[in-house]
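*Asks:* The primary structure of each chain is shown beneath.
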Amino acid sequence: MSIAKRMLMRSAVAGVLAALATMPAHAGWDLLNMPKGVSELSREIYDMHMIMLWICTVIAVFTFGAMIWAMVRFRKSKGAVADGKMLHNARLEAAWTIVPVLILIGMAIPSVEKLIKIEDTSGSELTIKVTGYQWQWHYEYLGTGVSFFSRLARDSDAARQKRSGIDPRSVEHYLLNVDKPLVVPTGTKIRMLLTANDVIHAWWVPDFGMKRDAIPGFINEMWISVDEDKPGTYRGQCAELCGADHGFMPIVVDAKPPAEFRAWLEQQMAAAAGSRLAATE
Amino acid sequence: MGEHGHGPPKGIVRWLTTTNHKDIGTMYLVFSLVMFLVGGLMALVIRSELFQPGLQLVDPAFFNQMTTMHALVMVFGAVMPATVGLANWMIPMQIGAADMALPRMNLFSFWLLAFAFLLLLSTLFIPGGAPAAGWTLYPPLVLQTGQAFPMAIFAIHLMGASSIMGAINVIVTIVNMRAPGMTLLKMPLFSWSWLITAYLLIAVMPVFAGGVTMLLTDYYFHTSFFNAAGGGDPVLFQHVFWFFGHPEVYIMILPAFGIVSEVIATFSRKPIFGYEAMVYAIASIAFLSFIVWAHHMFTVGMPLAGQLFFTLSTMLIAVPTGVKIFNWTATMWRGSISFEPPMLFALAFLFLFTIGGFSGLMLAIAPADFQYHDTYFVVAHFHYVLVPGAVFGIMAAVYYWLPKWTGHMYDMALAKWHFWLSAIFVNVLFFPQHYLGLAGMPRRIPDYALQFTEWNMVSTIGAFGFGLSQLLFVWLIVKCVKGGERATAGVWDYQHGLEWTVPSPAPYHTFEKAPEVR
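Each protein sequence line maps, in turn, to chains D and Z.
With my numbering, the residue at position 222 of the first sequence is 222, and numbering never jumps.
With my numbering, the residue at position 447 of the second sequence is 447, and numbering never jumps.
Please note that a few of the clues may not be correct.
[Claimed, not checked] Quick list of in silico lysine-lysine cross-link-like pairs, DSS-like style, CA-CA up to 25 Å:
no.: 1; chain 1: Z; residue 1: 10; chain 2: Z; residue 2: 482
no.: 2; chain 1: Z; residue 1: 186; chain 2: D; residue 2: 85
no.: 3; chain 1: D; residue 1: 76; chain 2: Z; residue 2: 416
no.: 4; chain 1: D; residue 1: 230; chain 2: D; residue 2: 256
no.: 5; chain 1: D; residue 1: 36; chain 2: D; residue 2: 114
no.: 6; chain 1: D; residue 1: 36; chain 2: D; residue 2: 230
no.: 7; chain 1: Z; residue 1: 10; chain 2: Z; residue 2: 479
no.: 8; chain 1: D; residue 1: 78; chain 2: Z; residue 2: 416
no.: 9; chain 1: D; residue 1: 129; chain 2: D; residue 2: 256
Calculated directly from the structure, the hints in this document are not laboratory data.
Using the sequences provided together with the hints, build the complete structure.
*Replies:* Below, the structure written as structure tokens:
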């Protein structure tokens, strides 16, 4: 390598390092895996994911190991001579057909169990109807008269305009904040009814594990629950392409202990009744 | 065919009027390379916008046009025509036929395709822009498309007609024009993989055409196939689309399976291990591709029984795919391996396609898919099977047969640079997308929350590295066409197949007298 080239390389490396150093310390480098989440379902799904990941890793070690071994051991440059008579081997081929079938059966059993559990919405204590709009969510607590829209927070919306000049890093929960979050009680099985007003959307909060499409003219259902000891704010996004602002209709869920939730709901019911009264007068 | 013994006409007339399988193959391959670069530029627009949070370069509507067009161009313009070009060049030479069975239809299907893309790409310049509802064209969103809508649908119809004609041509050629002694189970695996691909094309292209025609009548004549208000169902389109779409991904990958089989055998200097099992594995994969489609749509709210069926049937695909991977490994076993550029690409295929296979197996499991669905994990998965899968397979084929086509050896050092840069950057580009998806980044969004910044930056750097490396590929091909060391008939040390019995470059007409195959 010539000196000029070496200097060029060195300055390039230095440039990349400088760029890396300016990144915030709480960088997302450690975001490598699915969140375990805060619900029974999300943990079941996480476990299923990890089972699959480990099985695939073990199979990968064997298959990649065999490939690498072949590439190292049977090189022409090392004087390897081809064995032109090695055409097939019925026993070996039967083995690598049957063994994968057995592994697949091993994977299938837990996945069937979990799927049956996921799809069982019976015994829910609260039903919330979610309607997707271009580009916001509408929530309705069935049987209470409480309903409201939930859309991208103003500061995120201002910062996300093309060449807005606002640094997204200066906005709290950039693109993952709304004006009015969905509020749910912890420790409660909640049935979600999903539909849409215009095009297909999908409601997804990774910490709850589940995602389901909201389809105009149809009602889908799923259930979620938040662990009793994990009240807090959980964030997600629309997951089905729904037009220009698909990336800008976040979901924020405020999970409160049941007593607090009841108080909140009663207050909302009173407000809703008040506004209905005002409307009729 | 009155001009035996003469060369082709000169100049542009040759390319407009040729019915020669080699000329048409060349046109398909050049067309595919151009589309690969066009689709690549669109990908770079996408990755540039995603380099950092905030919208710097494009508005969200144009971003959606880019994701939609990138996919349509790469699938229908780059990968499929490349494999058709390879089929045109190689199938007659591999089976000892003088040409394709239906040469005029062959030319017609090429020009249909070229016109279809002229139409599709022109939508970028009309008011309202190109289609932006994703290449999956889901209603009701796709029905919000403006003036581009009828143009896109017509372009898709033309592409479909072109593919069906190409497929008929392959089947008729292989069934009728094999040289004496070339029984089906002596046929090279590339030709086998294309025979099966052709049947898939004929089976599913009309289904897709039906689906998009129903979109057209919903749009213009207010039928309600996909509109719940009129008694229809938007999810019906998804079923129709994926009944086409799943076999479609095998249409893209099966020819690559064939190529990799040929290349690994050649550079291991040993016949392919388990030839018949390889044929049956391709056929099994093709059959299974018809009964797994709904794994693309686990979140639409199918009944439990449906989800179970599609989870289990999808997992089954791992069995014949595993057989292929193991047989390729066994072909290398006790071989005498050397690492020429085609082999390098085939080996990268072997490793990286397998990674795509693993993530595919994970996605097959419905309960886990509820998290993966529509995230960057899916984007990473299908790019692993399509880029270091199908595209690397096609590049292996180009490096394998280019001396046969041009009569020149290419620049081996340049080809190795192209390989190593592509193989490294393709992983820098796509591997971090697994992390992004698992961490919760949805696909098809132009802007993202701050925690996704770092891996998006890495991915974008990988995209530019990968994209720029492809310029080496173009330069290498141009250089090789213009000149270079003369290639022998056999080109490589170990040959299997009739194409290596004719001189390099392959004469304009080959096998006018059918060869005898023992």
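*Asks:* Are there hints from earlier that the structure breaks, and if so, what are their numbers?
*Replies:* none
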